[in-house]
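Chemist: Below are the chains, spelled out letter by letter.
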Amino acid sequence: MTTTASPPVASGTGLPDVSQITSSDSALRRFLHGLPGVDQVGAEARAAMLSTRSIKTSAKAWAIDLAISMIDLTTLEGQDTPGKVRALCAKALRPDPSVADTPRVAAICVYPDMVPVAVEALRGSRVKVASVATAFPSGRSSLAVKLADTRDAVAAGADEIDMVIDRGAFLSGRYLEVFEEIVAVKEACGEAHLKVILETGELDTYDNVRRASWLGMLAGGDFIKTSTGKIAPAATLPVTLVMLEAVRDFRATTGRQVGVKPAGGIRTTKDAIKYLVLVNETVGDDWLDPDWFRLGASSLLNDLLMQRTKAVTGRYSGPDYFTLD
Amino acid sequence: MSERLSSGGAGNRISVRKTPKLFIGGKFPRSESGRSYEVADSKGHFVANAAMGSRKDARDAVVAARKAFPGWSAATAYNRGQVLYRVAELLEGRRSQFVDEVAAGEGVSRSKATAAVDAAIDRWVWYAGWSDKVSQVAGSANQVAGPYFDFSVPEPTGVVAVIAPQESSLLGLVSVLAPAIVTGNTVVVLASEARPLPAVTLSEVLATSDVPGGVVNVLTGRTDEVAPWLASHMDVNAIDLAGAGDAAATELQVAAADNLKRVLRPQRTDWTATPDLHRMLAHLETKTVWHPIGV
Amino acid sequence: MNTKKFDYAPAPESRAILDLKPSYGLFIDGQFVDTLDGRAFKTVSPATEEVLAEITEAGQADVDRAVAAARKAYDKVWSKLPARERGKYLFRFARILQERARELAVLESLDNGKPIRESRDVDIPLVAAWFFHYAGWADKLDHAGFGPNPKPLGVAGQVIPWNFPLLMLAWKIAPALACGNTVVLKPAETTPLTALLFAEICQQADLPPGVVNIVTGAGDTGRALVEHPGIDKVAFTGSTDVGKMIARSTAGSHKKVTLELGGKAANIVFDDAPVDQAVEGIVNGIFFNQGHVCCAGSRLLVQESAYDEVLSSLKRRLGTLRLGDPLDKNTDIGAINSAEQLARIRELSDVGEAEGAERWSPPCDLPVKGFWFPPTVFTGVSQAHRIAREEIFGPVLSVLTFRTPAEAVEKANNTPYGLSAGVWTDKGSRILWMADQLRAGVVWANTFNRFDPASPFGGYKESGYGREGGRHGLEAYLDV
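Protein chains in written order, with our numbering: chain A, 1 to 325; chain B, 326 to 620; chain C, 621 to 1100.
These aren't lab readings, by the way, just hints derived from the structure by calculation. Treat the numbers as computed from the prediction; the structure is a model and nothing was measured. For glycine and all other residues, C-beta sits at the position ideal for the given N, C-alpha and C. Take these hints with a grain of salt, some might be off.
[To be verified] Here are a few chain C residues that face chain A, going by a calculated C-beta distance under 8 Å:
#, residue
1, K624
2, P894
3, Q897
4, E900
Given only the sequences and the hints, what does the whole structure look like? Please build it.
Modeler: So this is what it looks like as structure tokens:
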């Protein structure tokens, strides 16, 4: 089956002939279904084995700081207000007010209508503003509405757009429709980076995760992202493993590097470090950077800060010593 | 028996004797050595000159058995069961001939010989029925502690050499032969040295039933001469020493260690009793297969 | 490897949990005793060559005494004990083994050289599981398919290898005791320590004296045990050569013999395999436990159409293997068990090169002290090469290719061994066809090196006879 995938991708080097792969629904299906399968048990066993890595002392301190710098600090609630978003931005800029060398997070992630608030609050900092778009989280809207949603967020100053794919179209095999929608959203993004949310919790199989990953990358996504956070399961280690393998293979084939963002359900330092180990041992140094790997989370930050304090002071801390925003 | 043959005809008719031959690969060759040995009945009267199989005959028989193994072991169990049942059908048709040979060779009464022949026929039927059941008894689905489907199935071990019982020339022979082949093994059997004729006649039955050539190969000759070649043969997977004497059995077992043959040691056996499974199980391997369960 | 961004700091498991004695006697009749006619030898940590303890090499008189103790325990105690109560001792073992799992894992890694991750996550959990499984069989033998009231054999003499020291002990002792036998067990000379700790566990469990006896030593001790006229059963796991010697020396005796011997397993990867999992399976197949695994997937057969992809993925993956201190929780590849084994691996690898195969290892710093060998891949190997035929028993993979399923089967079966095989393909009917065609006792399809007490394990052909695990494993210890 890998051989059927080879011709359009020109095995190993050079760009894939995307126009050929996407010339028809059936051509795209042939390509995506020609990707190597994923054995669920094997993938989960590999992820489980990597999660037994024991990260201690200096390595742990390094990993905690890297994890903080990779966070897309997120609030995506119906009850969000400008006040809530401003508070979150303050937290993004000064995660631990008492410790000056604490890294900043990578971005704030909000709904489109909150983008102006976040842009204002983060002005002059390197913390990016990411906005979900395209009728997040369900994606059940017309293309016109999705594109308007995207343009609106970009116009308001969003640096990054987190779109959702049309899972209904994907699961019914209308891959070309999904592809064209991503292409259109990417175009609407202009300069803004596009993260393509696969909503892996609705895709059900790792084979689908791998196919959706390739679809998102072929269509021009800058990142592929696991989840909206509104569907369980959200990010898991094996799903992220499969997506990391996809970006690894995609770069090997096309030369273009795509980032990965697990989102949802990552709450503890232990969790975050497991993801970093996964990155380290699957794709290596090139992805160990906020430009190429992000963690979509909110409560994770305080746990990382607590562990950071423990590493510095040598004693366990408590939640009262960290700001809740 | 020669008297029977000559008296069977009317008046002064001279009977047509049969030359007992080997049975290798579905054919009836004489020994490549050109040798024969005299077979006498229990009273010491000449009966026939049986082929005195040699090490080269043994070698040829193993080659034939190996060649037949893929096809026979891949046949459906239903098919093998019917083939064994067919052997019983044809044996039944030659019942009186076997009774004569058993009575003459073993020196038992006709009624005892008849009982032995009947038991031998019934034994084929018994084993025929096992062909598609043994894996349900000897196999298993194994509940491992993980997301795997794990099952074990019995498989034939390959080419089995059989040193047939010396005393019980038909019932004993059938009792060691049928359990080996019903599960898909192919066999080289060395017939009872002193009483080889029922084995030779059985070869004729096998040749005309639906047993593919090479599945059963029958050698006659000197046990002490031929058995060591079978025991040391590196392309024989198992050996049943039923008809080997104690001292010889130990030597054969030592030779069998060269390629770690599965060895069935001689043991006191009442061939008239209903068998248990151990002769079938002795020539079976257990294969365990694992596969993940996932979507 | 040294300039990686994410450099894991050392994470060694503490040795403080161990209470090693400077010297150990033999465990006979419930007590540690001094040798009558043996001598002392040392066991070392293969990772550092540090002497761990002085061990007793049992002599003939010691073996006599151990067999006599086992016989007495069989006659007077164990055979008279209701099966249910026998089972309770085994359940008790399972629990104590779980309670002391960390200690056993550390000791196993120290004495054997295997990574603590494996002793902690594979060996020791399986040891406890094995006892738990067979504990339940003890009072159910009537229902095991061997007829009513199957009888034990008597005294079992058991000789086990150094690759999974405590796990092999469990594979031997658990079914033997469950079936009502008593045992004399000889652990391998280079890895006696967990067996001696198990002897302490026998005391903790209040196991009647003589039911389990442990005599340490080397080949001579093993021979004395196997050839002892007072035993009724020989169970051996080890090399095919020694297995043949045992088959000869027990010929003509009443002893029931089961042998679990060498292998040269083919791990077969088709071009429609789930590649990432197949690569993991290849790695797990040959680099698990430094390749000191009788069922290791030491011959990789790759379909030619997938060769480039599989090999490049494999090499990239091998670059992430972490070799070093067995007690470090992040170590993937530990030490080679002994200088002798290291010499054999080196010799066969040199032969591989001399015969024209191409040798490759990832960049890898080997520790200066101890016995080490890097993960090694030979490409361009054909069936005629010695490294494709002989068991290397080390972290050395021979890569061959095939074009069709029939050719894969032919090459896979073209060996005197028949212990295990692996198949990687997404096509269900092909998996079943391959599983049917492969002449091996265990076929792992889309997985490799999985073990479970409920799953029968053992070889075809020169890989030995008898099965260990599950209902099938009972037969080895019953008079049936």
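Chemist: Go through the numbered hints given earlier and state which of them the structure violates, listing their numbers in rising order.
Modeler: none
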